[in-house]
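Undergrad: As a plain string of letters, each chain reads:
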Amino acid sequence: MFAYIIRRILIMIPTLVMISVLIFTIMEWPPGNYFDTYIAELEAQGEAADLQEIEELRKEHGFDKPPIGRYFHWAFGLLQGDMGYSFEYELPVNEVVGSRMWLTLLVSFVSIFFTWIFAFPIGIYSATHQYSWGDYGLTFVGLLGLATPNFLLALIFMYFANIWFGVSIGGLMDPEFKNQAMSWAKFVSILEHLWIPVIIIGTAGTAGMIRRLRANLLDELQKQYVTTAKAKGLHPFKALTKYPLRMSLNFFISDIGSLLPAMISGAEVTAIVLSLETTGPLLIRALKAQDMYLAGSFLMVLASFTVLGVLISDIALALLDPRIRLQGGSTK
Amino acid sequence: MRVFNKVLIAAAMLAAIVSTQTTVSQAAEYTGPPSLLDEEMAGKMPGVSERLPKNPRVVNLKAMGRKPGKHGGTMRMLIGKIKDIKLIPIYGYARLVGYNEKFELKPDILEKVDVKEGRIFTFYLRKGHKWSDGHPFTSEDFRYAWNDMLTDKKLGRSGLRPNLQVDGKGPVFEVIDETTVRYTWHAPNPQFLPALAAPIPIYLAMPAHYLKQFHKTYQTKEKLAKLLVKNRVKKWYKLHKRMAREKKASNPDLPTLSPWVNTTPLPADLFVFERNAYFHRVDENGNQLPYFDRITMSVGTGSLIPAKVGAGDADLQARNLNFVDYTHLKSSEKRSKYKVLLWKSGKGSAVTLLPNLNVKDPLWRKTLRDVRFRRALSMGIDRHEINQIMFYGLARESGDSMLPQSPLYKEKYQKAWAEHDTKQANLFLDEMGLIKRDEDGYRLFPNGNRVEIIVETAGESTLQSDILELIQDQWHAIGVKLIIRGSQRDVMRRRAISGLAVMTIWNGLDNAVASPQMSPSELVPSSQSDLQWPQWGMYVSSKGEKGEKPDLAPVVEMLKSAKRWSKAATTQEKTKAWQEILEIYSDNVFSIGIVNGALQPVVVKNNIVNVPKEAIYAYSPTAYFGVYMPDTFWQSKPLTK
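For the protein sequence lines, the chains are A and B, in the order given.
So for the first sequence, this note's numbering puts the first residue at 6; every next one is plus one.
So for the second sequence, this note's numbering puts the first residue at 1270; every next one is plus one.
Since the hints were derived computationally from the structure, they do not count as laboratory data.
Computed from a predicted model, the values in this text were never measured in an experiment.
The beta-carbon is built from N, C-alpha and C at its ideal position, and this holds for glycine as well.
A few of these clues could be false.
Stated by the list, open to error - Quick list of in silico lysine-lysine cross-link-like pairs, DSSO-like style, CA-CA up to 30 Å:
| # | chain 1 | residue 1 | chain 2 | residue 2 |
| --- | --- | --- | --- | --- |
| 1 | B | K1599 | A | K64 |
| 2 | B | K1906 | A | K191 |
| 3 | B | K1481 | A | K64 |
| 4 | B | K1503 | B | K1336 |
As the list claims (entries may be wrong) - Among chain A residues calculated to face chain B with C-beta under 10 Å, some are:
| # | residue |
| --- | --- |
| 5 | T30 |
| 6 | E33 |
| 7 | P35 |
| 8 | P36 |
| 9 | G37 |
| 10 | E65 |
| 11 | E100 |
| 12 | Y164 |
| 13 | G176 |
| 14 | K183 |
| 15 | V278 |
| 16 | L307 |
| 17 | S309 |
| 18 | F310 |
In isolation and in its complexed conformation, chain A is listed as follows:
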């Protein structure tokens, strides 16, 4: 086991290097760079662009040299925890992203929690009451949540929340609380706004989880040991939870891999529509403005979390499920 973990960690290094090269290449690909955008913006305002100053900025950030130099500058910065400089905000990337991390994590945690709370009982119910009205009904609702685009749902929710409950549109709190320190009133205001993104982000995940849990559980419930257990008069609840449910939870652990990056990216599209103060809109805006260090570093963090998440879920699976073997080959 130990050797396995070491091997996996070592493999992560070339993987991350490859990812960083990939991210950087994609960021460099479009014509022009942030400074061209900047000049265009200045001139759109009718200002004379200070070409000399921009030239100097280009030099300072290595834009006069081939991209390879910029890549190494950026990559070594990342190794030391320096995510570079955001041209758009004129601040270090760490500060820009950091200011939004807290709310992003809040939204993500609550929506993941929401997904679990709903998906779990529904999934179990659907499997144990296969082809019943309840199964069809709940599956229908779940699939509706999956099939409706998040942005559409977001707009509808926002509109009715405002009309019916007077919740201010967009954002995670009423505007007057934005710069204040945490207080009870602010907390209440956050709760008032939080449920909308949570339901929207949550519903999309719920359907998937219901279906997977249902399918896995159905496979198990049809096995002979379940029939035997029932025949022996084991309580139906125990006959369900003792083995079949545990057996069908593997997917749940392997989900951790994708959960980690999702937690810090904060559902970009929904966040933009709802105007949430999370990291999602930041990333999209950075990509649009070619604010490459902000976008690149952020993507890099997301990638690292994915790689790390996959590792954690693999290890957890190996630990929790004795059926999974670490080495290849089959035994009879």
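Following the hints, position chain B against chain A.
TA: Using the frame of chain A, we list chain B on its own:
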């Protein structure tokens, strides 16, 4: 001894009485906002008469047809990105000289301006005028801005702005006394005063007392080094630049002369701008302006702003609102207790098609530079239909030219090649030799290619794409195929500059209510962001270093007229140059305007007084709300939610 004591006490009492009397008489003259009374009482801030200049600018609201008001309240606004806090100095519109509602130049921060021979400008400051931190505002601030910033080796590296140069030469700057300065050119400089009245002006006066700490000449090396480390900057002039961004309102510590001062450091989601306690304007009753105590700007997704405004989240809003939002905004009027005013856009055209004369493809370059082709395209557009469908017939069908509000307006410019005439358009195109057509009725180039124009959009407005779809049908009648290519603003600009885009769609002239005093540079190549001739614009702005030399006769002609304008000393000469340019521009259809005078929704909460019902909404010259003086807007009574 006792007698002596009594005399002393009496004298002290007398002095006290005398001093209270003077304060009373001054207080009767001017009234400060109640929100500052606490600080005044605590002695943290001088009384209002000491905060105001000796001779403040009196704004006579009754004469403007408005109501004098009272202090207090918060005005909430919404913005789509953090950088938009730059709107505060634009809305505040405190300028050395500024335009009034009739677009006449009047002194504002300055008490008086003397102009001799169009080249000697003497500025008289208001005595006792102070920065927003209470420090006196004097000729020293002009000297600092001129000697230590604009002409400094490091800070002014890129040289003086073109507006400050005549034949490549800057002015001679003199400090006459503490409140008088003078700028003298060798020849007339008509661009000087308009540049000071611009939405983003040239800042000729900067708070020297604050900025000196960041300047190499005034600060010790050790302290400067410490400041550099603290702010994570490498060079002192970069630090200075960052701290001195008056136009961006990004430094809460930077003293200003604007009516509202930023108090929130970046990055944030809510910006609070508190009143400038030392602002130099008063109303006719002696109330110090601005009336509103503060403005807040809340940052959110730009496209969500119309919905948020509809829900009543803004008190005064025009930014990010479009005419397409009008019905939605109107339907929430009652519920959210506001009124939707319709201001007229100050643009030459609500949308305009810009044929890229610098396009790379040689065939297209030749075709687009043929004036017949541009005229044919313009005449192929049924502006009436577009006006009816998109603007409920409320806009004016016109080429991309001046509005009737402008003293330079002529009907001839409006109508030039702007009548829908398919027959004439077809004739022009036939004349050009584009006779052959394919089975769908579209014309073919001699090499067999279809005459197929790809119009690139910034992908920001449904209005543009809707209008393009209408034009698509209309152009079919003249055998020209139009393809819409939705893009993104920066990408579109870049493609136009590099000559890849054949045609783009963008706003018309930004300033279509120009007066002869304003620069005509918008109608001639002047920068690379001119989408119809980006390369020529780059050539002009870089003084021939980059881009391509303009080689189309009418354009060269216009550039000559623009040159004549920049040397003109009298209004008559300026007007003549303007007319020449307008004549050539509209006759050559360098931009294909559709309709102008389009309407800009301005949402105003029911309890806000003094917002004009009808006005022009434009960046230049009105500085959006700027010339209508938001400092004179006030709140009658708070609305219950």
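Undergrad: The structure should be examined with respect to each hint, and the outcome stated for every one.
TA: Verification of the hints:
1. K1599/B to K64/A: Violated: K1599/B and K64/A sit about 51 Å apart, past 30 Å.
2. K1906/B to K191/A: holds, 26 Å
3. K1481/B to K64/A: holds, 27 Å
4. K1503/B to K1336/B: violated, 52 Å
5. T30: violated, 19 Å
6. E33: violated, 15 Å
7. P35: Because about 8 Å separates P35/A from the closest Cβ in chain B, which is inside the 10 Å limit, the hint holds.
8. P36: holds, 6 Å
9. G37: holds, 5 Å
10. E65: holds, 8 Å
11. E100: holds, 7 Å
12. Y164: holds, 7 Å
13. G176: holds, 6 Å
14. K183: The hint holds - K183/A has a Cβ within 10 Å of chain B, the shortest such distance being about 3 Å.
15. V278: holds, 7 Å
16. L307: violated, 20 Å
17. S309: At about 24 Å, which exceeds the 10 Å cut-off, the nearest Cβ of chain B leaves the hint on S309/A violated.
18. F310: Violated. Min distance 23 Å.
Hints 1, 4, 5, 6, 16, 17 and 18 from the list above are not met by this structure, while the remaining hints are.
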